[in-house]
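A.B. asks: Take a look at the letters that make up each chain.
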Amino acid sequence: MIETLLANYEEAVAVILFGIGFVMLLFQRNLIKKLIGMNIMDSGTFLFLASMGYIHGRKAPIIVDGVTDPEVYINPVPAGLVLTGIVVSVSVTAIMLALTVRLYKRYHTLQLDDIYQLSRHQMEDR
Amino acid sequence: MEFFTNFPLFTIVLSLFSGVLCMMLSGKTARKYTILYECVLIVMVSCVLWYTYRTGRAFTYVMGEFPAPWGNEIRAGVLEAMIALLFLIVMLCSVVAGTHFLIDDIDESKLNLYFTLVNLMTAALMAMTWTNDIFTGYVFLEILTLTSCGILIVREIGRTTLAAVRYMILNLLGSGLFLLGVVLLYDITGNLLMVPMRERIGVLSSDPRNMMIITMAVGILTIGLSIKSGLFPFHYWMPDTYGWATPASGSILSSLVSKCYIFLLVKIYYRVVGIELFEKLPIRYLLLLLGMCGIVFGSVSAMRANNINRMVAFSSAAQIGYIYMGIGIGGAAGYTAAIFHIMAHSVTKSQLFLTTPRLAEVSGRSLKFKSLQGSGLRDKNAGFFFLIGSMSMIGIPIFAGFASKLLFGMAAVKNGSTVMIVTVMLVLAASSLLNALYFIRTIIRIYAYASSEIRVRSTRRPGYNIPMLILTGANLALGLVSWVFAGLIEQGLTMFM
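For the record, the sequence lines run as chains A and B.
Heads up: the first sequence begins at 1 in the working numbering, then just goes up one per residue.
Heads up: the second sequence begins at 1 in the working numbering, then just goes up one per residue.
Note that these hints are calculated values from the structure, not bench results.
Certain hints may be false.
Okay, the calculated beta carbon distance ranges per label pair [unchecked claim]:
(1) B:Arg209 / A:Val13: 23 to 29 Å
(2) B:Ile440 / A:Val13: 55 to 61 Å
(3) B:Leu480 / A:Gly19: 17 to 23 Å
(4) B:Leu437 / A:Met1: 29 to 35 Å
(5) A:Lys33 / B:Phe66: 40 to 46 Å
(6) B:Ile440 / A:Gly19: 20 to 26 Å
(7) A:Arg29 / B:Val203: 45 to 51 Å
Using N, Cα and C, we set each Cβ at its ideal position, and we do this for glycine too.
So that you can see chain A by itself, here it is in the shape it has in the complex (with noise of 0.2 Å):
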């Protein structure tokens, strides 16, 4: 068990990231420590799928000296992945913080829990 896991460190960190990060998304009160969660929630899948898609001793999928022998290089895919999971975590992050500067104009301050408090004692909202 030990040694699969130190020969796997890669994604057994990965997944304790996964894990640290979607813990603080679910339970954290405050707003900004709530994405900075899901950003380590994502980053934990990025370095899992990065990790996975590398084959120790195997150069970057660039040909060189006409080597076309696909056994030397490593699949591309798996990066061209991360690379379009990190521009979509980037924009949801960007429109989360935006949602979080509208709250804190609003209700001045950054905890669910206090902004609940202020919402239902709100006349306006019907």
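Here the structure of chain A is known, so what remains is to put chain B in place on it, guided by the hints.
C.D. replies: Coordinates of chain B only, in the frame set by chain A:
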């Protein structure tokens, strides 16, 4: 004829293009343009439906003509075409009937941006329906999440922002889990296209040592998508999200967005995991159990709600439970019932969410039951459409809701063990009773004579009745000739193999 095979891709590209175009148009022009192009899309998808039905087989559109392991594919069969058609019709009706409320809720200078979001959302819905590549599914799933957050916060009151934050947090948890599931499946199969993935999983599953990782990957995927679609116990964001959004958004979010996630899930079960393998995994019993809990808890919460929008939103949670119960029952009959209920609930729930704001309008802009007394008499059209929607929700024959309940019952008898049949029947009976209780209570309330008549005349809303009549027609069609639709769904599911 061959030209029709281009249409699925056209629907995605045209929607993306329209999204960009609407940013440059004025609000009114953007509305007219959106209605026109949605009609064009409906014609295109109808052609695809007719073509696949006539030829009796699905077609795959290979983008860039790269061979299987590398390229990106779109696939169209009867089921995809039918679901896409349903999404487009409900989207069009919601937008047309909801624009007049939209003008009250958002600034006119920002109206075109709403249509930008709606068009991008259409692109995401179409792409998730047609795609044959699981990672493309993930990318458009995120686009769908972002646009649904966008159409929620266009109404700038504190409550919607708060609802949007809650909605986004749960959706992000779901997306994260979905991505992890996709990555795990990619790692064990080495493919992202659905058909090669299924072939590889078929080979891997013959070795019992691999079953754990397959179960884990599929389980994580399932949890992710069920969080996003609002399965019990992740349904508590629904009343705030649907209740505070502008009516068009509430209708789109409840009847299209959550359904699209479930459709993607069914597609993954059939086309990535393989349905024979999935039926062996324990996940489906979990879905059955959670679905039943969702039905009961959703209905009980709906009964306790003091506001009509919250009631309708909680009943959505119950209906999502029905769909997952169908998946849990399993077999072709179970999935047919689940997908039929996706269609029935889409047309019904959008109708309900578009009538409640009109009832509130003639009751001093309050959604509380107390003020709604007699509102059906003050606004006869809205009252009538609410009545139709409620009867379908209760499950009165000739309406769509009855047909889907019948299909669930029949599926349980066909596939289930005795315990399953008894529980499913009990849950169906209990839920019909609860539905009847709270919807009939509401109908009596809105048709009761109000002693202190609030003299607010409803403002004339041109273009409101036609989309509502279309939705009513769709509801009746689903209820009256349900076997035609059930047959089409079954044909579509066989094409999935």
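A.B. asks: Could you say whether the range 23 to 29 Å given as a hint is met by the Cβ separation of B:Arg209 and A:Val13?
C.D. replies: This hint holds: roughly 24 Å between Cβ atoms.
A.B. asks: Determine whether the Cβ-Cβ distance between B:Ile440 and A:Val13 falls within the hinted range of 55 to 61 Å.
C.D. replies: Once the Cβ atoms are compared, 57 Å apart, the range 55 to 61 Å for A:Val13 and B:Ile440 holds.
A.B. asks: Starting from the hint 45 to 51 Å, judge whether the C-beta atoms of A:Arg29 and B:Val203 obey it.
C.D. replies: Cβ of A:Arg29 to Cβ of B:Val203: about 47 Å, so the range 45 to 51 Å holds.
A.B. asks: With 40 to 46 Å as the target window, see if A:Lys33 and B:Phe66 comply at their CB atoms.
C.D. replies: This hint holds: roughly 43 Å between Cβ atoms.
A.B. asks: Range first: 29 to 35 Å. Now tell me if the beta carbons of B:Leu437 and A:Met1 are that far apart.
C.D. replies: Between B:Leu437 and A:Met1, where Cβ atoms are some 54 Å apart, the hint is violated.
A.B. asks: Verify the CB-CB distance for B:Ile440 and A:Gly19 against the hinted window 20 to 26 Å.
C.D. replies: 47 Å, violated
A.B. asks: So the hint says 17 to 23 Å: do the beta-carbon atoms of B:Leu480 and A:Gly19 match that?
C.D. replies: 51 Å, violated
Hints 3, 4, 6, counting from the list given before, are not met by this structure.
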